[in-house]
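Asker: Okay, here's what each chain looks like letter by letter:
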Amino acid sequence: MDKIKIKFWHYGIVVTLLISAILGYNLFKGDKSLFLAGDASHGHYQIELECNSCHVESFSNDDLMQQACEGCHAKELDAANDKHPKKKFLDPRNAELLQQLDARYCVTCHTEHKPEITRKYGVTIAPDFCFHCHEDIAKDRPSHAPFEFDSCASSGCHNYHDNSMLYEDFLIRHAGEEATFEQATLPPRTALIRWLKKNKKVKPLSSQQHDGQKLFTTNTQSDNKGKRNSATNKDSQVNSIVSQWADSPHATTAVNCSQCHDDNNQSSPHLKFNNNQLEVCSSCHERQANQFVLGKHGMRQGLGLPLMSTADARQGIDTTQDKLLTCSSCHNPHSLDVSIAAVESCLGCHQDEHSKNYKSSIHFTLWQQEQNEELEEGSGVTCASCHLPRIKKGKRVRVMHNQNHNLRPNSKMLKTVCMNCHGVEFSLDALADEALIEKNFSGQPDSDLQTFKLIEQRIKKRQQRRNQ
Amino acid sequence: MTIGKLIKPTLVLAASSLISGAAIASGITPQKMADAIFSVIESDRTVYTRNVVDRLQNKEEVLDASEHWKEESALPLPAQMLRMGSERVNEKDSGFTYSLLSLWAINKQNKPKTPLEEKALKIIGKDPSKNFYGEETLAGKKYFTAVYPDVAVSEACVKCHNKHIDSPRTDFKLNDVMGGIAIRIPLED
Chain S
1 MDKIKIKFWH
11 YGIVVTLLIS
21 AILGYNLFKG
31 DKSLFLAGDA
41 SHGHYQIELE
51 CNSCHVESFS
61 NDDLMQQACE
71 GCHAKELDAA
81 NDKHPKKKFL
91 DPRNAELLQQ
101 LDARYCVTCH
111 TEHKPEITRK
121 YGVTIAPDFC
131 FHCHEDIAKD
141 RPSHAPFEFD
151 SCASSGCHNY
161 HDNSMLYEDF
171 LIRHAGEEAT
181 FEQATLPPRT
191 ALIRWLKKNK
201 KVKPLSSQQH
211 DGQKLFTTNT
221 QSDNKGKRNS
231 ATNKDSQVNS
241 IVSQWADSPH
251 ATTAVNCSQC
261 HDDNNQSSPH
271 LKFNNNQLEV
281 CSSCHERQAN
291 QFVLGKHGMR
301 QGLGLPLMST
311 ADARQGIDTT
321 QDKLLTCSSC
331 HNPHSLDVSI
341 AAVESCLGCH
351 QDEHSKNYKS
361 SIHFTLWQQE
371 QNEELEEGSG
381 VTCASCHLPR
391 IKKGKRVRVM
401 HNQNHNLRPN
411 SKMLKTVCMN
421 CHGVEFSLDA
431 LADEALIEKN
441 FSGQPDSDLQ
451 TFKLIEQRIK
461 KRQQRRNQ
Chain R
1 MTIGKLIKPT
11 LVLAASSLIS
21 GAAIASGITP
31 QKMADAIFSV
41 IESDRTVYTR
51 NVVDRLQNKE
61 EVLDASEHWK
71 EESALPLPAQ
81 MLRMGSERVN
91 EKDSGFTYSL
101 LSLWAINKQN
111 KPKTPLEEKA
121 LKIIGKDPSK
131 NFYGEETLAG
141 KKYFTAVYPD
151 VAVSEACVKC
161 HNKHIDSPRT
171 DFKLNDVMGG
181 IAIRIPLED
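Heads up: the sequence lines are chains S and R, in that order. Positions 1 to 468 (the UniProt record's numbering) are the ones given, in order, by the first sequence. Positions 1 to 189 (the UniProt record's numbering) are the ones given, in order, by the second sequence.
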């Protein structure tokens, strides 16, 4: 038999097949990471391996991608009264402008997988983009003649989408306010009070009334397999959980163990819905759960992906211990102690400069004094006070559970956070001072914002017009 | 998109708003279609201005109308109401678009942008008894454009436009032409 001669092209076929197999495995069975065109922006990297959440299908066109953007962002933009919505640009009288800058599509300004040109808020076009349509602004507003076009959106005056806190009437109404008010407190939360008012007949449960007896038996059997736990240990564990629960709002509102736990679920922590915690909590706290999945903490869960973990985090996170992010990462489900959720839960993971400097800030001192009952409730400022703000609508005060909601842009913090205690000018200066933000607001804002100089001119012009 | 395709949705609009019950002759001209649409826009806006804004803000004094209606829990201004409707129509790709324009616009985006808009606003400003009809090409696409005079229907219009800090004209009177409503119908695909 003739010996088969291995030729160069045979090697070629083998190498090609090998590469195809690796790529094919990565695409269909693996994490698709070999197909990433470049790192996704800070807003999307957590879901970058779920290609379809943005690309919808292979080779999708701009319209399909646009639908994907709107699927996650449309509601928020609408709520913020987006100043440049797509619908404004569909009028043919704007057709020529669109040839300069196609404002109908998000990707015109926010191109993904381009880390080298991606700036704040995922913007990838040159910072003087306002020029394309507002070239002759100085004709209408001579006061704007000295400003460069790359300063419109970076000077604390304008944002492309969300100007909900930067409109003139609002700034004029609050102009001249003192830096810090004498009466400086956050509004008290109203959810529990309102619930109790509505449900006067419901009686709070005592520690003897818990219905988790069977659960504790199951718990010890399955959790402590092979371990010899003394009866005393088990009792103290049970007692601790029961006493935490008995002092919590859950017991006050007659929410018993069985409302969250399922005796028949053999795997720890024996929750309903196959231990899907978000689903368990959202059966009562739907609003909070819906907000949670819109923020960076919960966006993976919102798309049905595995939970976000500290190991996957990019910026300023303690990655030495792998923690998963879901409701109980911040809220102890038995004690429901919100004072822990408001500070220690955050600092357990966040180790960036801003977070590390919190405990040396005046905001933290006030919080300690409030905890020691030296100051009235609402006087302290925690991580949650700013990032999970108490939003007042009518008589209700609810906690926003999308911690990214007021960060893009941060002027969204003015009304619901800063201006509970500080005047608008001081607040706006502070929010524009990045060095001060890093110091966690220890010190005074050092800013040369022109906003209020222009506002003074406008106030004068308004008075003249009224007196005409 | 051909005129034939455009007429279909328009017939529904025209039938419900103008000539309900009557037999509709085939071949409605772009001008008739624009006139019918204008009649709906103008009626809705007048009703909103008189029965909602003027009544609640000026007569009953229970609610204010504000440019920042969303942030201030107030009523949208009539001009904003019209623009919101027009943006909704844009989103639906309805076969026509409309906009509120003025030579003295408070929001500078509503100043005339095309030569036809400029010419039309000047003509209807001088003689509000006639509408302006013409054709224009925008970004390579041909349109039938009708511009209708927009008259100050209530004191609220006059007062706000004369006192607004960004209003370039401050001597409007009731029934003055303050601007125009432009309706555009594409004439080809």
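These aren't lab readings, by the way, just hints derived from the structure by calculation. Accuracy of the hints is not assured; some may be wrong.
[Claimed, not checked] Capping the alpha-carbon separation at 16 angstroms, the derived lysine to aspartate or glutamate pairs in EDC-like fashion look like this:
id : chain 1 : residue 1 : chain 2 : residue 2
1  : S       : K88       : R       : E91
2  : R       : K142      : S       : D91
3  : S       : K461      : R       : D127
4  : S       : K139      : R       : D166
5  : S       : K412      : R       : E71
6  : R       : K113      : S       : E96
7  : R       : K111      : S       : D63
8  : R       : K141      : S       : D136
9  : R       : K70       : S       : D162
10 : S       : K203      : R       : E67
11 : R       : K163      : S       : D169
12 : R       : K92       : S       : D63
13 : S       : K392      : R       : E71
14 : R       : K113      : S       : E376
15 : R       : K108      : S       : D136
16 : S       : K87       : R       : D166
17 : S       : K86       : R       : E87
18 : S       : K86       : R       : E67
19 : S       : K392      : R       : D93
20 : S       : K393      : R       : E72
21 : S       : K412      : R       : E72
22 : S       : K83       : R       : E87
23 : R       : K70       : S       : D169
24 : S       : K88       : R       : D166
25 : R       : K70       : S       : E76
26 : S       : K415      : R       : D93
27 : S       : K87       : R       : E87
28 : S       : K88       : R       : E87
29 : R       : K141      : S       : E76
30 : R       : K70       : S       : D82
31 : S       : K83       : R       : D93
32 : R       : K92       : S       : E76
33 : S       : K415      : R       : E72
34 : R       : K70       : S       : D78
[Stated by the list, open to error] One-sided excerpt, in silico: chain S residues whose CB lies under 10 angstroms from chain R:
id : residue
35 : A95
36 : N275
37 : R462
38 : Q464
Where a beta carbon is used, it is the ideal one built from N, C-alpha and C, also for glycine.
Asker: All the hints need checking, so say for each whether the structure fits it.
Answerer: Results for each hint:
A C-alpha spacing of about 9 angstroms is found between K88/S and E91/R, which places the hinted pair at or below 16 angstroms, so the restraint holds. Our distance criterion of 16 angstroms between C-alpha atoms is met by K142/R and D91/S, whose separation comes to about 14 angstroms. Among the hinted pairs, K461/S with D127/R is inconsistent with the structure: their alpha-carbon atoms are about 33 angstroms apart, more than 16 angstroms. A hinted pair counts as satisfied when its Cα atoms are at most 16 angstroms apart, and K139/S with D166/R qualifies at roughly 12 angstroms.
Between K412/S and E71/R the alpha-carbon distance is near 12 angstroms, which keeps this suggested pair within the 16 angstroms criterion. For the hint pairing K113/R with E96/S, the CA-to-CA distance comes to about 10 angstroms; that is within 16 angstroms, so the pair holds. A C-alpha spacing of about 30 angstroms is found between K111/R and D63/S, which places the hinted pair above 16 angstroms, so the restraint is violated. At most 16 angstroms may separate the alpha-carbon atoms for a hinted pair to count; K141/R and D136/S exceed this at roughly 26 angstroms.
Distance restraint check for K70/R and D162/S: the Cα-Cα separation of roughly 13 angstroms lies within the 16 angstroms cut-off, and the hinted pair is therefore satisfied. Restraint check for K203/S and E67/R: not satisfied, since their Cα atoms lie roughly 48 angstroms apart, outside the 16 angstroms limit. At roughly 15 angstroms between alpha-carbon atoms, K163/R and D169/S fall within 16 angstroms of each other, so this suggested pair holds. For the proposed pair K92/R and D63/S, the alpha carbon gap of about 14 angstroms is at most 16 angstroms, so the pair holds.
A threshold of 16 angstroms between alpha carbons decides the hint, and for K392/S with E71/R the separation of about 13 angstroms falls inside it, so the pair holds. Distance restraint check for K113/R and E376/S: the Cα-Cα separation of roughly 58 angstroms exceeds the 16 angstroms cut-off, and the hinted pair is therefore not satisfied. Of the pairs offered as hints, the one joining K108/R and D136/S holds, with about 11 angstroms between alpha carbons and a cut-off of 16 angstroms not exceeded. The straight-line distance between the Cα atoms of K87/S and D166/R is roughly 25 angstroms, outside the 16 angstroms bound, and the hint therefore fails.
For a cut-off of 16 angstroms, the pair hint linking K86/S to E87/R stands: about 9 angstroms separates their Cα positions. With a C-alpha separation of about 20 angstroms, the suggested pairing of K86/S with E67/R is violated against the 16 angstroms cut-off. Note on K392/S and D93/R: the hinted pairing is violated, with a Cα-Cα distance of about 38 angstroms set against a maximum of 16 angstroms. With a C-alpha separation of about 12 angstroms, the suggested pair K393/S and E72/R falls inside the 16 angstroms cut-off, and the hint holds.
Between K412/S and E72/R the alpha-carbon distance is near 15 angstroms, which keeps this suggested pair within the 16 angstroms criterion. With a C-alpha separation of about 13 angstroms, the suggested pair K83/S and E87/R falls inside the 16 angstroms cut-off, and the hint holds. At roughly 13 angstroms between alpha-carbon atoms, K70/R and D169/S fall within 16 angstroms of each other, so this suggested pair holds. Restraint check for K88/S and D166/R: the C-alpha separation of about 21 angstroms exceeds 16 angstroms, so the hint is violated.
Of the pairs offered as hints, the one joining K70/R and E76/S holds, with about 14 angstroms between alpha carbons and a cut-off of 16 angstroms not exceeded. With a C-alpha separation of about 37 angstroms, the suggested pair K415/S and D93/R falls outside the 16 angstroms cut-off, and the hint is violated. Proposed proximity of K87/S and E87/R is supported: the alpha carbons are some 5 angstroms apart, at most 16 angstroms. For the hint pairing K88/S with E87/R, the CA-to-CA distance comes to about 6 angstroms; that is within 16 angstroms, so the pair holds.
At most 16 angstroms may separate the alpha-carbon atoms for a hinted pair to count; K141/R and E76/S exceed this at roughly 34 angstroms. Of the pairs offered as hints, the one joining K70/R and D82/S holds, with about 11 angstroms between alpha carbons and a cut-off of 16 angstroms not exceeded. For the given pair, K83/S sits about 21 angstroms from D93/R by alpha-carbon distance, which is inconsistent with the 16 angstroms threshold. The straight-line distance between the Cα atoms of K92/R and E76/S is roughly 21 angstroms, outside the 16 angstroms bound, and the hint therefore fails.
Between K415/S and E72/R the CA atoms are separated by roughly 12 angstroms; this keeps the pair inside 16 angstroms, and the hint holds. A C-alpha spacing of about 10 angstroms is found between K70/R and D78/S, which places the hinted pair at or below 16 angstroms, so the restraint holds. This hint holds: A95/S has a C-beta 4 angstroms from the nearest C-beta of chain R, less than the 10 angstroms allowed. Hint status for N275/S: violated, given a least beta-carbon distance of 41 angstroms to chain R, over 10 angstroms.
Restraint check, R462/S versus chain R: the minimum CB separation of about 5 angstroms is within 10 angstroms; hint holds. Annotation: interface hint on Q464/S holds; nearest CB of chain R at approximately 9 angstroms, less than 10 angstroms.
Hint compliance for this structure: hints 3, 7, 8, 10, 14, 16, 18, 19, 24, 26, 29, 31, 32 and 36 are broken, all remaining hints hold.
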